[in-house]
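Work the whole structure out from these sequences, hints included.
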Amino acid sequence: MPIGHDGYQVGTGFKAILRRDLTSVWRNRSDIASPLVFFLISITLLPLGVDPSDKLLAVIAPGMIWIMALLATLLSLDSLFRQDYDDGSLTQFILSPQPLYLTVLAKVIVHWLTTGLPLALIAPVLGVMLSLPAGGYWPLVLSLIIGTAIMSLIGAMGAALTVCLRSSALVLTLIVMPLYLPVLIIGSNTVSSSVAGFGAAQGLALLGAALAMALLVMPVAAAGALRISSNH
Amino acid sequence: MPIGHDGYQVGTGFKAILRRDLTSVWRNRSDIASPLVFFLISITLLPLGVDPSDKLLAVIAPGMIWIMALLATLLSLDSLFRQDYDDGSLTQFILSPQPLYLTVLAKVIVHWLTTGLPLALIAPVLGVMLSLPAGGYWPLVLSLIIGTAIMSLIGAMGAALTVCLRSSALVLTLIVMPLYLPVLIIGSNTVSSSVAGFGAAQGLALLGAALAMALLVMPVAAAGALRISSNH
Amino acid sequence: MSEPLLTLNNLSCERDSRTLFSGVHYSCPPGTLLQIVGFNGAGKTTLLHTVAGLLPAACGDVRWRGRPIAQQRQAFYQDLLYLGHQVPVKPQLSVRENLLWLGALNTPATEAAIAAALVEVDLAGFEDSPCYALSAGQKRRVLLAQLYLSRAALWILDEPFTAIDKSGVLKLEAAMARHATNGGVVLFTSHQPLAMAEFTTLDLSAFQLSEQPSEEAI
Amino acid sequence: MSEPLLTLNNLSCERDSRTLFSGVHYSCPPGTLLQIVGFNGAGKTTLLHTVAGLLPAACGDVRWRGRPIAQQRQAFYQDLLYLGHQVPVKPQLSVRENLLWLGALNTPATEAAIAAALVEVDLAGFEDSPCYALSAGQKRRVLLAQLYLSRAALWILDEPFTAIDKSGVLKLEAAMARHATNGGVVLFTSHQPLAMAEFTTLDLSAFQLSEQPSEEAI
Amino acid sequence: MAWQWFHRLGSPRWFYEKSSRWLVWFAPLSIALMLVGIGWGLGFAPIDSKQGDSYRIIFIHMPAAALALAGYYIMAIAGAVGLIWKMKLPFMVMKSAAPIGAALTILTLATGSLWGHPTWGTFWEWDARNIFMLVLLFLYAGIVVLAEVYPSRDAADKACAILALVGTINVPIIYKSVDWWYSLHQPASIKLTGGSTIHSSMLYPLLVCILAYYCFYTLALILYTRREILVREARTSWVLELAQGQGKSNKAGDGL
Ligand code: HEM
Ligand SMILES: Nc1ncnc2c1ncn2[C@@H]1O[C@H](COP(=O)(O)OP(=O)(O)OP(=O)(O)O)[C@@H](O)[C@H]1O
Ligand SMILES: Nc1ncnc2c1ncn2[C@@H]1O[C@H](COP(=O)(O)OP(=O)(O)OP(=O)(O)O)[C@@H](O)[C@H]1O
Ligand SMILES: [Mg+2]
Ligand SMILES: [Mg+2]
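Residue numbers (this note's numbering), protein chains in the order written: chain A, 1 to 232; chain B, 233 to 464; chain C, 465 to 682; chain D, 683 to 900; chain E, 901 to 1156.
Each hint can be trusted.
Computed list of lysine-lysine pairs in BS3-like fashion (alpha-carbon distance at most 27 Å, straight line):
no. : chain 1 : residue 1 : chain 2 : residue 2
1   : D       : K821      : D       : K853
2   : C       : K630      : D       : K821
3   : E       : K986      : E       : K918
4   : C       : K630      : D       : K848
5   : E       : K918      : E       : K988
6   : A       : K55       : B       : K287
7   : D       : K821      : D       : K848
8   : A       : K15       : D       : K821
9   : C       : K630      : D       : K853
10  : C       : K635      : D       : K848
Hints are computed from structural coordinates only; laboratory data are not their basis.
Okay, here's the thing in structure tokens:
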């Protein structure tokens, strides 16, 4: 090969990482099914652990679905950068002319497409199981779609900070949970306030603003953290 | 070194693995704190997602504490054999004259000492936060002590089965959850029935019987699963 | 003494139902120093895994002191020291602690023996360093220290010279030769040219393809 | 042509605030084939990491085409190909897919180029095999295929001969020599004796301890 | 000139030597202020008409809460300075600030619950401020744990700084959202004493207490940072000299 470049086009790597991770996920298809199953199972646990009368369930439904979506996202975070770190792909990301920000963004997008989005789409089924009142379905799906995207972004920062640790699952939880809290509160309130007849517009607008901010801040923070982790 | 043995004493390895893992945990002391923190945080999430009035909380308290203990155990399972698998320690375990059963048992004991036991001991604090009625504290602690031990044992089998998979956290959930369900049901019923004044003896006896059975079956199953995973 | 310790008895190995080699007959009396050779992907690691009982043989069996290993796992594993591609060393534990637990799985080691072994592998002074702070070669040397601690008769070493510097390689070769003269058996692989004088080689290419049709003919 | 491409300018490196070596001056004009030598733990990997900008230098800096790399990361990384101890190859993807994404990070590769490169590393026919089914040496060969695909001027190779068989080592040495004659720079480490004729060595032992007192005197 | 001063400030050795001189008068001052403030508040301020003596916890509780929050920002700013100017000392300050902040948060929570028992009738209430304090504790704990578990010190410093910085954006958001959550749910069943109507005989001791807490916080931060400096610079020549000097003076002291 002759030496010398005609200029690296930013974005090539972005597309390649997107394609690579989507292909990997497609090869292990069960990975997409698993967060869903976790979500389903833990919602099923609920009536087993607590009194399963309709009224009680309906009161706690929006909060519970949101909490379980949060936990399902959390469970899948650890593997976000783990394999890339262990096999040295991360070093290659850093040593590429492509800005690390874009690489992180590609990985977050794949994570959300394979975790958050399916969760949001299946949530109405769980709503039925927990007898969520009729007005709550659309707000539930929409708030989950935006909310899981924010949680994937925040989670990317947490995963990047903990990727060089031995047993990171729980440190990750500690770091990420307090940041998830506002998302959870706004999200579950959006659903319950629209069930109560107050509309969901305000909550969704808040979530949208949070998403915009997370998009700006989190991949940068994650990229910084990855650089630190790589030279352990 | 001269060649030839005066006979390997079964149990040497058991003690060594116990010491090794306890030392490792002690070096990363935060590992013990983290399941606790997860437990604390997720209980804190609860009143944020649902209506935090005293009455409602008191009703769902036993079930919720049990569900969160279950999830905390679940979260920490993935790392049970992961590192040993990745760095080849597992091969050394298999190639040792010590029965694999004992090695697994040593690892399960360490897991329980560092996860289940602290959870059970801190549970009363969470009981206060969720306004659990007074009669429930002892049954809560006792049922959690036995229950988390059972869950560690079942989890060891699940972790062993999934250790050779890429992203195992969610497949693991799938395998382990159905087995955790009876433990969860018995455990949370023990607490709520003793709150209601029916006593906890029957529930605790059931849990004890389950523990004895799990002790017999699970390490053997886990050892078999580890042998299979090792020759990928 | 001429009775073979280890016997590969008409051994065939498969991966993904593709036969890698078949009909390997070899017997190793005490004192054997055997290098398995073959190009990348020939099946050397597969062979060593099979000998250690980690992979099932497609056909044939492995015998230790005359009996198939499947019938006497515990006794066989007491006699076996296996070092593979991977480095089973816990990063957060110190060098000494790692050797203690590794030893306890087979030949429990005393503190004094460990100190002596670390001198042999040029890690004296590193007893208490955590293993994450070691270089690639130093980590492998921690493993190699086991050679000076173990009392196993059979050593299986998969590319033991990886990442080891020149003086280290010489010492290691000497240790392997000594084990053989003491009446042990060493099976190893390596792609590096070696300075050792006396060792036999088993070339896996000789058991490939050419043998395969005869398999199908059966 | 005599203007150096890569310059190590009074470079010192630390690990855990222990100075490994200090005062390394070296300039590599186009055509340099430089082996870093040193015993296990001398700091070869640390040096290569520092040159690649993965670790901060304790003192001094690394310059590429005359400018410190910290000021021109993107341009420098366009010119850099780094292969370390680890094997960044996804087990579930095929050989071709892996080379595609690795290439996209630096020099996007066409299908035809990949096929040609795989022939060079003796992996023709393995294009569509998943990488988990490759042997240790074959996995490293997938990485080495990048040498035939990349247009980077600077190659940094940390023990590239690990797990590669004899014929593979010869081919690899030829590729490295060719890159140097084409006007590139190759930095590599290895503990194996090499057949190549023309390369210079940089011995890290020369920059240890003896230099340290002078540091404190400043 | 100013720049030079700034960089000297980043030198741990300079800080250690200077702070030895500050401590001579600063330590007694802050301890004295603390005693005066707490003593005035607990001993001499008048009894509250509604709550009796239990309200006196406010002299410990309220300043602790205020500082726990301020401490987070001090920590984050130190981290930012360290990241931007690549200096060692700010990282040490940051690392020291985390456990102090966590301790203050725990103090707030503990005194609050103790106070809650007589006033609310329960140790814990899911009230917006309580939740916020609990989350602040988790934020601190995240940084303490992260600093502890990272294998290398430099990496730990930078990682904690990133987390602290992200936290600064999040602290107000958490505060707002918890407040919002609170206002959407049922109204508070028990109102706290109105903040503005506090009587001056209680206000003055409270102000002294706040001042005392600030001084005490600074003192603790300096002491922690000095300890951290000694641990980290243990291998440098100046610390070795210091240790030798102290060893000698100790021996001399023993001789006397
Ligand atoms: C665990 C329980 C509690 C927590 C976490 C807590 C938290 C806080 C916080 C964060 C502040 C500072 C507010 C600020 O500086 O703006 C504060 C101030 C205060 N707290 Fe508490 N508190 C608790 C319990 C109580 C109780 C039971 C009472 C009395 C009935 C009380 C009375 C006050 C008063 C009077 C102030 C000062 C007034 C003000 O600045 O708003 N707190 N508390
Ligand atoms: N992550 C780390 N933290 C602390 N110290 C380290 C770390 N990695 C390596 N070291 C130390 O730095 C020194 C140099 O390590 P390095 O990996 O650069 O050696 P090397 O020359 O590449 O050796 P090898 O030939 O074994 O690969 C070693 O003595 C080691 O103890
Ligand atoms: N896990 C696996 N699943 C399926 N096939 C495999 C697996 N591991 C190896 N193979 C195949 O088996 C063959 C032999 O692999 P093996 O690892 O035994 O080779 P090797 O001789 O040790 O090579 P090397 O010198 O590269 O280490 C290879 O062709 C490889 O494709
Ligand atoms: Mg091999
Ligand atoms: Mg190295």
